[in-house]
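There are 4 protein chains.
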Amino acid sequence: MSGNSFGKIFTLKTYGESHGRMIGGIIDGCPSGLKLNLKKIQKELNRRKPGQSNIVTQRKEDDKVSLLSGILDGVTTGTPIGFSIENLNYKENDYHHIHKVYRPSHADFVYEKKYGIRDYRGGGRSSARETATRVVAGAIAKQLIKGIKITAFVSSVGSIHLNKPYHKLNLYCLEDTPVRCPDPLVAGKMIEQIKIIRKAGDTLGGVISCIIQGVPVGLGRPIFNKLHADLGEAMLSINAVKGFEYGSGFSSVQMRGSAHNDIFNANETTKTNFSGGIQGGLSNGMDIYFRVAFKPIATIMRKQNSIDIKGKISYLEGRGRHDPCVVPRAVPIVEAMTALVIADHWLLNKIIF
Amino acid sequence: MSGNSFGKIFTLKTYGESHGRMIGGIIDGCPSGLKLNLKKIQKELNRRKPGQSNIVTQRKEDDKVSLLSGILDGVTTGTPIGFSIENLNYKENDYHHIHKVYRPSHADFVYEKKYGIRDYRGGGRSSARETATRVVAGAIAKQLIKGIKITAFVSSVGSIHLNKPYHKLNLYCLEDTPVRCPDPLVAGKMIEQIKIIRKAGDTLGGVISCIIQGVPVGLGRPIFNKLHADLGEAMLSINAVKGFEYGSGFSSVQMRGSAHNDIFNANETTKTNFSGGIQGGLSNGMDIYFRVAFKPIATIMRKQNSIDIKGKISYLEGRGRHDPCVVPRAVPIVEAMTALVIADHWLLNKIIF
Amino acid sequence: MSGNSFGKIFTLKTYGESHGRMIGGIIDGCPSGLKLNLKKIQKELNRRKPGQSNIVTQRKEDDKVSLLSGILDGVTTGTPIGFSIENLNYKENDYHHIHKVYRPSHADFVYEKKYGIRDYRGGGRSSARETATRVVAGAIAKQLIKGIKITAFVSSVGSIHLNKPYHKLNLYCLEDTPVRCPDPLVAGKMIEQIKIIRKAGDTLGGVISCIIQGVPVGLGRPIFNKLHADLGEAMLSINAVKGFEYGSGFSSVQMRGSAHNDIFNANETTKTNFSGGIQGGLSNGMDIYFRVAFKPIATIMRKQNSIDIKGKISYLEGRGRHDPCVVPRAVPIVEAMTALVIADHWLLNKIIF
Amino acid sequence: MSGNSFGKIFTLKTYGESHGRMIGGIIDGCPSGLKLNLKKIQKELNRRKPGQSNIVTQRKEDDKVSLLSGILDGVTTGTPIGFSIENLNYKENDYHHIHKVYRPSHADFVYEKKYGIRDYRGGGRSSARETATRVVAGAIAKQLIKGIKITAFVSSVGSIHLNKPYHKLNLYCLEDTPVRCPDPLVAGKMIEQIKIIRKAGDTLGGVISCIIQGVPVGLGRPIFNKLHADLGEAMLSINAVKGFEYGSGFSSVQMRGSAHNDIFNANETTKTNFSGGIQGGLSNGMDIYFRVAFKPIATIMRKQNSIDIKGKISYLEGRGRHDPCVVPRAVPIVEAMTALVIADHWLLNKIIF
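Protein chains in written order, with my numbering: chain E, 150 to 502; chain U, 150 to 502; chain A, 150 to 502; chain C, 150 to 502.
Derived by calculation from the structure, the hints in this document are not laboratory data. Glycine included, C-beta positions come from ideal geometry on N, C-alpha and C. Warning: the hint list may mix true and false statements.
To be verified - Simulated restraints on C-beta separations:
{"no.": "1", "chain 1": "U", "residue 1": "V224", "chain 2": "A", "residue 2": "E324", "range": "41 to 47 Å"}
{"no.": "2", "chain 1": "E", "residue 1": "Y239", "chain 2": "C", "residue 2": "L237", "range": "22 to 28 Å"}
{"no.": "3", "chain 1": "A", "residue 1": "S308", "chain 2": "C", "residue 2": "K298", "range": "34 to 40 Å"}
Said to hold, decoys possible - If we take Cβ atoms under 10 Å as the criterion, some of the chain E residues that face chain U in the derived model are:
{"no.": "4", "residue": "G156"}
{"no.": "5", "residue": "L185"}
{"no.": "6", "residue": "N312"}
{"no.": "7", "residue": "I360"}
{"no.": "8", "residue": "Q362"}
{"no.": "9", "residue": "V390"}
{"no.": "10", "residue": "G406"}
{"no.": "11", "residue": "N433"}
{"no.": "12", "residue": "F439"}
{"no.": "13", "residue": "K444"}
{"no.": "14", "residue": "A447"}
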């Protein structure tokens, strides 16, 4: 009800603020008998961690996850999996400059107005720090939905776009560049652009594309919880996301039905896949693919005008260690949220309705 | 759980197939003491109804709603509002040609695979006929959220785009043209394009833009149910929708943070509104605006190849009366779903958390 | 959220007031492919119907159910099953005497206070008329959970008690007497007592016992939704219910653990069944049994003091046709609610967690 | 869905096994701006803690709660309150004797069958250890619902009953005796009985009564979530509970309507309160009271026959430190669950429907 839970069957509920003692969550609904590879969970967290390369924030977050319940000798028991991640910067005092001033295009103002109180330290609950918990849950979801492969990658950074269709890319080399774009040439240009923008104390937006392969036919729910609607909500819940499209997306607007319709082959596949693997809200067995737009994040290393909590004009100096472009580190988050949606529908599908 | 319900507090659950006896639903969570204008409810339904002009389908659906409970002397009592709309085409026999054949890019194939049975008549449950129930609920939601104004309009049909910013449009003349584009000149071009495509037996996609004005600060929930995430899910649940973006949307990708940040005025408004009225998932008091992409619908008046339920190659002849472009009739549906989201968050906001 | 829905997977949402145009509901979550015996549904409704014998109310309610969706050629399609039952007494004017006066121990006062408005006609939404919708849903649930047998019967009426253990009763003769007590001798005494109380213009309480046989091991959820907790909530949601106990119930208080523990046989059954077929909230394969206490209903055919909506002392004359003892007609309602709980857990159990 | 969450608005989700690293939970939906008395939370936990007196288990559980989020300078921020309690007996090896054998009338057998795996250490998730998390959440709920007073006390232990009506008891002396019965004389007899049963290596059942005072009119939801139905479910979710009755309860069965009806006074109170403060599922402003039956717990200090996980007849020796009668320590749990129900309905009531 309060927005801190995700999923219907395979569910995640999270708690924690950016600079509180710890963040954590409860994964509930994971079936029993799943042998967990604990290293893979930590590995996913490490992909999201700050300081992996010189194009992301150098902030220190160790992000070591502790699994607290629901597992016996490495196997899930069907009971809730509690977990926590300590905040190394707990009690750090780097945020007093925003105690009384609202950062533009951040959540400071709306939280103050809605709740009458806000944890100003690093954005509190509204900080993207919270997405670390999603990555933990997503890493477990990935292990549950065996045979389904989720791959996200950076397809745009500012004005640099990767224009190749995904099946012409070598998705296995994703981690070869710090920008997580599978085309080395385009990746190079993206990195260059990020370095320039960082030097300028500014930020850039980007696009993440995601492919889901191996989905059986029939995942999804009709009417209000269509598979793509749930994917859309999941993506739009990630910090800084401004748009979502799947299959032919916004470009379908200019197409004609006769060209857009995906004609069946005798083996129940389709000749084209403008549908993006989903028809009538249900998976049709073809690859699912979608794109997610991220705005340039609001924290810039420049002086900005703003107002304080009394409505007086004030200003803010950029401070701290922040990402000049959020998409490289958002790749594992997109994958995690995708895994959560698919795991949820995959379990739900065991009850046919 | 099964995808047939929408909302958490102000909720809608629907039933019914395109060619069953009736469609209907239950609106639950509408507070007591709301004096309903029943004519306005029917009026909204009429906006969605087929046969309003010569650019939409001429199919006969009278769409007369009956309110069955929850209202005493025109005032809501706080108990569920049951309602139904009879299907005039009940028992019509126009659909035997698709009994055994899957229509390309429709839900026929996936429903058959998921459920092992499907109501083939007019697409059954997967038909957009179901959206009539959403319009009823949305019309009541609109009356609940007094002071909040929701306006959707057609901003693209195929390659014809309305490029003016919404505050330069006269949104009151929306219903003056059958295409529901508030610029008469652009509307004329859109109508022309739709007529051409209809003659060709083909279909076109389009974009609907929507503005929400008068939203108080603080609507929305943090983390997973951000206001724009709920709006996105609502829009993506509408038949034929392929994409959603709010505020600066996909175009934000190419902007820099220093240009994208919305700087505060002393009165707590912002100088720009790239945020689209939502920050950190909560409304900030500025106008909320978003865009929704609709694909060209799959039913074309042409012969198409396909397969039958045994996987044998077959073909389909286009038949019946269908929309060449769905967006004009989808305008009241976009408004209805928006109203449902806003009503839900508006009520939820009475419990501050 | 608003209390008008039941169940998590196999769900029922209802609408309607006692004297509105109709009552009805939506059954959502029933799997596809279930061949429905429609006559059995109507037959269950007839068991609950007034006027079946001379010991129940002679009020006229025809209770003919119409199934509106979700079924194709008698087989469920996995989409919501909408249904409605017309109210024959719609617009009847027999209730003006309670328009401004609160009936003692009814819901009139609290509804008026909570909602500021109330449908006074026959108690509106708070009337037990609403339970007819539960019987429809329960009748479908019963057909879903093949192999599981639910039998409720009257075990007390006022001071007349049926003291035999259930396995010594012939539960097949349940419908032989209008009081639905399977022991003819005790049934006779109960009927006599009801006739006496009716002549006195008064009412009597009673107890319904219920047995569930054939439940597989493992139904139920741990911690907060234990199987007996869900059964308890279901029973306590029925009008006039004041208490619920399962297995050894309140009598366990005086037992010692050494006598109360159910010792296992080698075949995994237990020698005794004080647990009532449920351990740790999960079914253990033994018979589940519980008892439900009903108060004497509040509508008596006597003059009573009360207050009007302005707080002025007033009085009420008993009027209309009412049940002197509610338990005979409540038997199919107890069975229906039991079937809803079991169907829900039975489906949920397909996802092991 | 999985049974590990409680509440709709003010919610608790818990994790943890008896002998895992820690137990904990997330309280979500607590409004912002509540100044928390942290000592009172720990104090409630201490009331439930083992080893408080010589009539309860001497097991060591320190039960020190850590609040991890959602609080800034002692005031709630409206974000989730994560918390944890370390298990001191983590990795204790006292439970190998039940690794392969099912304890009679425990959850061992059903967990093994349902999940295919079970944390055998101290009963794992099915242990009443989990109720410590409920007490934490309940202690916060109590602080939220200012002006509402919840008092539970022991009214039966085995065959010793407290027969006075609650308004003749001095509920303030509740903590004066370790048995938590507010009548010193009866308390003395209860303690004596518990000591005898402990010496016998056996266990006894009991009854807890609970009174809720100061509830405003109109709390609760109609139809399926009547206030007493939610209270009933809450109580039945507590380990060892076998029955629930409110107001006149099972004794109402033998009453006549004319005697049972609560006649109104001019000030909208009622002369009697057989209704138990709830009519039509909604609070009517009178005291709410109910009774909860607890069975003699299954762990006895005697040798018992049983079967092992292969279905072979085996036996169990009683071991460890256990409660001879659970009700004294269950008093704070009953209060906590009551507080959770009331807080939930109290918040929900802010949205009138």
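Verification of the hints:
1. The supplied range of 41 to 47 Å is met by V224/U and E324/A, whose beta-carbon atoms lie about 44 Å from each other.
2. At roughly 25 Å, the beta carbons of Y239/E and L237/C sit within the given window of 22 to 28 Å.
3. For the pair S308/A and K298/C, the beta carbons lie near 36 Å from each other, so the given range of 34 to 40 Å is met.
4. Taken as an interface hint, G156/E checks out: its beta carbon lies about 9 Å from the nearest beta carbon of chain U, inside 10 Å.
5. Look at L185/E: its Cβ only gets to about 23 Å from chain U, farther than 10 Å, so that hint breaks.
6. Among the interface hints, the one on N312/E is violated; its C-beta lies about 14 Å from the nearest C-beta in chain U, farther than the 10 Å criterion.
7. Annotation: interface hint on I360/E violated; nearest CB of chain U at approximately 17 Å, more than 10 Å.
8. Using the Cβ-Cβ criterion of 10 Å, the hint placing Q362/E at the interface with chain U is not satisfied: the shortest such distance is roughly 17 Å.
9. The beta carbon of V390/E comes within 8 Å of a beta carbon in chain U, closer than 10 Å, and the hint placing it at the interface holds.
10. Checking G406/E against chain U: minimum C-beta separation of about 3 Å stays under 10 Å; hint holds.
11. Satisfaction of the interface hint for N433/E is found here, the shortest Cβ-Cβ separation to chain U being roughly 5 Å, below the 10 Å cut-off.
12. Using the Cβ-Cβ criterion of 10 Å, the hint placing F439/E at the interface with chain U is satisfied: the shortest such distance is roughly 9 Å.
13. Interface restraint check: K444/E against chain U, minimum CB-CB distance 4 Å, threshold 10 Å, status holds.
14. Against a cut-off of 10 Å between C-beta atoms, the interface hint on A447/E holds, since the closest Cβ of chain U lies about 5 Å away.
The earlier numbered hints that this structure contradicts are 5, 6, 7, 8.
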